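Could you build all of it, start to finish, from the sequences and the hints given here?
FYI, the numbering for the sequence shown is 0 to 642, going by numbering that gives the first Met the number 0.
Quick caveat, the hints were computed from the structure, so don't treat them as lab data. In this text the structure is predicted, and so the values were computed from the model without any measurement. Cβ coordinates follow ideal geometry from the N, Cα and C atoms, glycine included. Be aware that one or more of the hints could be misleading.
What the hints assert, rightly or not - Under the rule of at most 25 Å between Cα atoms (straight-line distance), these lysine to aspartate or glutamate pairs were calculated in the DMTMM-like manner:
hint, residue 1, residue 2
1, Lys326, Glu99
2, Lys409, Glu313
3, Lys263, Glu236
4, Lys530, Asp462
5, Lys97, Asp139
6, Lys296, Glu314
7, Lys100, Asp134
To be verified - What follows is a list of derived Cβ distance ranges for each label pair:
hint, residue 1, residue 2, range
8, Thr215, Pro108, 29 to 37 Å
9, Gly454, Thr212, 31 to 39 Å
10, Asn83, Gln401, 50 to 58 Å
11, Thr287, Tyr58, 23 to 31 Å
12, Lys110, Thr235, 35 to 43 Å
13, Glu623, Thr158, 47 to 55 Å
14, Ala556, Met386, 18 to 26 Å
15, Ala141, Glu459, 21 to 29 Å
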Amino acid sequence: MQYKPRVEQYGLWPSPVTPDTVSSQVVTYEDLTIDTTNESVYHVERRPVEGRNVLVETYRKKDCIQTGSVVHAYGGAPVVARNNVVFFTNVPDFRIYKIEKEHLTGITPNKPQFRFANLTIHPTRPNLMVAIREDYTNPDPAHVVDTVVSVNTDTGVSTVLSRGWDFYANPVFNPRGTKLAWLRWNHPDMPFRSTQLVVGDVQISTENELSITDETVIAGDPGVSIAQQALWVNDTELTFLHDISGFIQPWIHCVGGETRPILKQPILADLAEPMWSLGMSSYAVLNTDHLLCTITKSGFASLIVLCISSGTFEEVPSPYVDLKYMKRVRANQVVLVASQIDCGEQIIRMTLENNNPIFHVLASFSKIPVRDGFAPRPEPLVLGDSMGRDIHALFFPPTHPQFAGPQDEKPPCILRFHSGPTSRTSPAFSWDRVLYTSRGWAWLDVMYSGSSGYGRQYMERLDGQGGELDVQDCVEATRQTAAKGLIDGNRVVLTGAGGPSVLMSAINFPDFYAAACSQFSVCDIAELYHKSPKLQLFYSSLLLGGTPEEVPQVYRARSPLFHARKIRSPILLAHGAQDPVIPVWQTDAIAREIKESGGQVEYLRFEDEGHGVRRAENLRLLQERQLAFFESTFGFRSPSKAL
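Below is the structure:
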């Protein structure tokens, strides 16, 4: 007999999901590495409870050692393995180490001004490695020096192979080790706006020293297009991703021959995410004529097998909606990190047999299973702005197997500003979202102008209009979602982290949102401009249309600190006192301004956190305070029953 849900006011449904549930599920997978000589798989886990990232041997579920990378501020790609020897970068001393037969050896000298990432081992000379190195001898971000270096793992000596550009990334050898491909770009470009793909000839001297000659630019024009994620199909054919068409598409370069798109007809979808960190991989070489690629449409990721010779593709059936860190194990087999609508991150081994996938779960961090009927099913929305352009969003309805709302009532809604702003929200399962939807709240993720996953033109719409157009898009998306009858437009709260837009929403639309939670937010953009890490030194000028010296009135107009007295809705603030990206004094100052002007403000200042909440106890406190804050806004107090 089918169970009839009990009717109860939205926001008051008893939920088994608590802030403790959310804080206990915070381990994430940060990277995957394959030892292709024996098909061993390694992954990196970010463990907030322990306050560290840990390298894990995936099949044996064995912790190896703490690891991490901070190159380009966001790090990534800290590990490589070959012949049962694992090389990794360490934090906080930034050295390269190796583990062989459980014996730990330091490779590079103890010189913390040097930071390494993107390690790759020469195919035939296992004692020679290539890496990206940052030199912090002069720690001023404008004077930090990037180079491509070779590292002799026997002596620890590093030799510069390529220099002169502001940034380098993702070196990769061809199978014989006679060619090396890598990426480079200069300020003011960001790596998701402009990168060059370069190939050079590899020379190895009789003294076992590696050098590069005859550098050739393959693709990517400064300020115009990106080329990234280069992978060799064989010794003379190099595949990569390129967005000259307006969407990130697969291309191929033949050494000494042509460089061309692989697809006969472009797919109106992106095949990669913005390269905020190193080591991102959204496709893999299955064999000499086929690639397995991730595509993103309407916010959902899916898989295709692409035939290089014919330029055609076939869709691969998959239950997954978010896919990342795809790595080849052997012909027709890959591993990747994947998530579903009703299941969080898992490490999956996928084998293709006649394009039919066989999925095997290698690792899954889920202390608490998701009960049937609690995971909301996202609905992609295509809305419009005042100029008739599309605004994309994901709508998650209130979801509970035992409760339903009254027919004459629409649910309250929590709108989340994703970070970046060049980023997007995943439709995959998320406990922090279910914390609300299981209580009878709707959840709206707006992919405002500037978001990724909808082509280059959509991303570039925010240029010069950061803190303004994104704010307007979210308001317009909320209004149209309410007009569709999906939410109560008078009961909408706002949350987000990292940028000024949550607070600017409360300033520019003081009566639109009932309350807002702003975490680790920029409050004085001009002050931050001069203290940004090297990667982002010119990012604000891209988003605001110039430097603080060129357009000071724009920086002031879009900095919440100077308009805090306009805020009328209740505000919850959160910030880490050790934040190296956005100084905590900015949140201290705006909290004081709001309070002195008679506004309602609560402030969570985490003395032991940096940029983001990492520790489980702090995450639990933040979730508790935000939930109570939003519930009190509408007079809710929903009962909870632990899972």
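Inset, instruction - Verify the proposed pairing of Lys296 with Glu314, using a straight-line Cα cut of 25 Å. - result: 13 Å, holds
Inset, instruction - Determine whether the Cβ-Cβ distance between Thr215 and Pro108 falls within the hinted range of 29 to 37 Å. - result: 33 Å, holds
Inset, instruction - For Thr287 and Tyr58, compare the CB-CB distance with the range 23 to 31 Å and indicate the outcome. - result: 27 Å, holds
Legend entry - Whether the CB-CB distance between Asn83 and Gln401 falls inside 50 to 58 Å: 52 Å, holds
Legend entry - Gly454 versus Thr212 beta-carbon gap, inside 31 to 39 Å or not: With Cβ atoms ~38 Å apart, the hint holds.
Legend entry - Pairwise hint evaluation, Asp139 against Lys97, where the allowed Cα distance is 25 Å at most: Violated, at about 30 Å.
Inset, instruction - Could you see if the CB distance from Lys110 to Thr235 stays within 35 to 43 Å? - result: Hint holds: Cβ distance 38 Å, inside 35 to 43 Å.
Legend entry - Pairwise hint evaluation, Asp134 against Lys100, where the allowed Cα distance is 25 Å at most: Violated, at about 31 Å.
Legend entry - Pair hint outcome, Lys409 versus Glu313 [Cα-Cα no greater than 25 Å]: Roughly 41 Å between the alpha carbons, so the hint for Lys409 and Glu313 is violated.
Legend entry - Restraint check for Lys263 with Glu236, where alpha carbons must lie at most 25 Å apart: This hinted pair holds, its Cα atoms lying about 18 Å apart.
Inset, instruction - Mind checking the alpha carbons of Lys530 and Asp462 for me, to see if they're no more than 25 Å apart? - result: Roughly 21 Å between the alpha carbons, so the hint for Lys530 and Asp462 holds.
Legend entry - Lys326 paired with Glu99 [C-alpha distance capped at 25 Å]: 23 Å, holds
Hint compliance for this structure: hints 2, 5, 7 are broken, all remaining hints hold.
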